[in-house]
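Asks: Given chain G's structure and the hints, the job is docking chain A onto it.
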Amino acid sequence: MSTATHPTAHFDLQPTDGPGKEQLLELSMGPQHPSTHGVFRMKVVLDGERVVRLKPVFGYLHRNHEKIAESETYLGSMPYTDRLDYMCSITNNWAYALAVEKLAGIQVPERAEYLRVITGELTRLQNHACLIGFLMQDMGSSGTPLMYAFREREKILDLFESLTGARMMCNYMRFGGCRVDLPAGWLDQAKKVVADFPRFLDEYEQLLVSNEILMDRTQDVGVLSRELAVSAGISGPMARASGVDYDIRKVDRYSIYDRFTFRVPLGSHGDVYDRFMVRLLEMRESVSILEQAMRDIPSGPIVDPKMKIRGFRPKPGEAYGRIEAPKGELGFYLVSDGSPNPYRYRVRPPSLINLTVLEDLCVGRNVADIVAILGSIDIVLGEVDR
Amino acid sequence: MTHLAQLAQELDQIFVLAAHWLLSYLPAALQPLCSAILSVAAIIIVFATLFALTTWLERKGLGRMQNRYGPNRVGPFGMLQPIADGVKSLTKEDIVPITADHAVHFLAPVLLVTASFMDYAVLPIGRNMVLVNLNAGVLFFFAIGSMMELAVFMAGWSSRSKYTLLGAMRAIAQMISYEVPLVLASIVVIMQAGSLSTVSIVNMQATYSGIWPHWFVFTPWGFAGFVLFMVAATAESNRSPFDLPEGESEIIAGYYTEYSGFKFALFFLGEYIGMFATSGMAITLFLGGWSAPFSFLTWVPSYVWFFAKLLAIISVFIWIRGTLPRLRMDQLMNLAWEFMLPMTLLNLLTAGIWHFMPAGSSRWLVCSTMVVVPCILLSRGLKHRKKFQVRTYHYSE
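Protein sequence lines, in the order shown, are assigned to chains G and A. Under this note's numbering, the residue at position 131 of the first sequence is numbered 122, and the numbers go up by one with no gaps. Counting from 1 along the second sequence, just add 113 to a position and that's the residue number in this note's numbering.
Looking at chain G on its own, in the form it has when it is part of the complex:
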């Protein structure tokens, strides 16, 4: 268990220096490795199979996203945000739209807010379901839970496809609203998907929660203390699993989240099992938000009529818009100098910041635990590297 209150600083690893360290093995896990969730590398120093040091190395998927956005119009960056966390393009759009709306003082019509909540929570459902599947895959369960999750994700992606035209790169939000209104019959189909979802959750819980091997592999593994979680800036389900009561939907009450009743599950151990369980319980709350939102959705315009796309030049100033993305606090910091493109564009990616404590969680555990811990952090390399 880690008692540190600050994340370990990373230096170059020199495993064979000094007496008594000749037996250590330096292993490069990644960038081509079956369970690094993309192109992520860990330089690991092992004593047998026990981790002595671990250094995360990333940047293999760096695409210069932030700099490109500075030479692009505000709207032009919207499709790029899809590619950040490519599992949840809609919440990326939402965070960016929120930042621009703050910067330019744009109002969002009520129906558009409801659409944002509905699509955003659907995104959370599919992200959490898949994450649990990937976690089980990393722990060697040959893909069965993952495929169960993909079966449900498929239904949600079908909804996204009929709404936005794309399954993953949705590009759905616009400043002051959403791009398209719901097609005929979409809401009924979505209601059916959401009504069926708890059955899948029951099945998942029944199969996984009390599985002895799973408890054996995850309980008391990768313990993140509450203090370290706070001081390292951990957010999202990972922080809540460590008992930090921090959900931006509750803290900021952005959009229309103050209209829905939902609860925030909190863990008390901060281990892999808690991170897995918090996500499982969060899905139930998302289902309840979705039911309320789809019951109450009003009719009306879906985009602010005063908003003009061409020649969009916000007044000089700065704004930070953040939302509770499925992976944690996703924020966009924008500085405008009055020109059509942002002067500074900065993404606060939850994956990257949650990843900074990886060494603290892994030291003293063994190779099999690294994979489970990494899986429970929930990273997408598109967002880590940008």
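Keep in mind that a hint or two might mislead.
Stated by the list, open to error - DMTMM-like mimics (lysine to aspartate or glutamate), calculated; alpha carbons at most 25 angstroms apart, straight line:
id, chain 1, residue 1, chain 2, residue 2
1, G, K241, A, E510
2, A, K500, G, D211
3, G, K297, G, D328
4, A, K500, G, E203
5, A, K500, G, E196
6, G, K182, G, D172
7, A, K173, G, E145
8, A, K499, G, E196
Stated by the list, open to error - A short list of chain A residues far from chain G (calculated; beta carbon distances all over 12 angstroms):
id, residue
9, T212
10, M317
11, G323
12, I365
Since the hints were made in silico from the structure, they are not lab data. Even for Gly, the Cβ is constructed at its ideal location relative to N, Cα and C.
Replies: What follows is chain A alone, placed relative to chain G:
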């Protein structure tokens, strides 16, 4: 009626008779040698075909468990997929790492496949269908089985890669640890049968009271022995949830990470053939070998029963693979030394008591209690020590 019985008997012995007929054309001096070659060829062909069938069955079965179709492009229901895989692995480049020990790197897959096929020498596949009826057949089986560990370590060590080294370390630790309960679990049968010969062990079980056979699995110690044997066999053949030496998500492919092309395929072949052999030994020891499950079904040829039982066990292996996540190394070791070993030793004692008690319901009661109660207590105790629980969570409004 007698005519039918004779037909059934001929059908049962059809392969034996065919071999005799073929050999009768040869000079007497050559007959023993050619008989051995013929049997070896038959074993290699039959079990290599079963391997192909099993890879297809496994992928199809796993697919069905995972809401997928599995292979369905090559041939009807994808049944020719193993052939396509074989062609692919033959045409791929054979890469040997530049720092590898070439000779050992080459020999490891060869040794693995050879050792796994040698196991079949003592397995009675049908009535009168065994390559050699050794007096110490079971001993031979386990001796050859431990050669596979050597092959695995050769592969891991000679590749000079860190992943293969980790895989080899895991494999050695796991296979040696599980060999102990594997052998101890099978000793109960040897105690009861009073023989190490696989043929006489099967012959003992191929008798019936009423319609019920005298399989060893239908006794308290036999059942416990069978379950323990199967768990150890799963670990011994590196199958999920004990597939740590391969540990795909952790150490790429474990000890055979640095193999490609046909050598890689040979590792697969060796693993599966080894798995069939251990399952075959479980059938021989506990499930009555080639004998029919009911006395009125003895007219079905004996080899059909052997392969039916083998396929049933393979299906269970596939089912387990599609269901369970993998254990961690320390948990695997704890299971071997803290649970399997005490239980197998206790089972030895139970089998001894069963032997000396008079037949009847009191014997059943005593021996069942001796197996079931310690099993429950031990597993409860081990679980309690680890303090694992299904947790409850609180919410903030």
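Asks: The structure should be examined with respect to each hint, and the outcome stated for every one.
Replies: Checked hints:
1. K241/G <-> E510/A: 9 angstroms, holds
2. K500/A <-> D211/G: It holds: about 10 angstroms lies between the C-alpha atoms, which stays within 25 angstroms.
3. K297/G <-> D328/G: It holds: about 22 angstroms lies between the C-alpha atoms, which stays within 25 angstroms.
4. K500/A <-> E203/G: Given that 25 angstroms is the threshold and the Cα spacing comes to 12 angstroms, the pair holds.
5. K500/A <-> E196/G: At roughly 20 angstroms apart (the allowed maximum being 25 angstroms), E196/G and K500/A satisfy the hint.
6. K182/G <-> D172/G: 16 angstroms, holds
7. K173/A <-> E145/G: 21 angstroms, holds
8. K499/A <-> E196/G: Holds, at roughly 22 angstroms.
9. T212: 16 angstroms, holds
10. M317: 37 angstroms, holds
11. G323: 40 angstroms, holds
12. I365: 7 angstroms, violated
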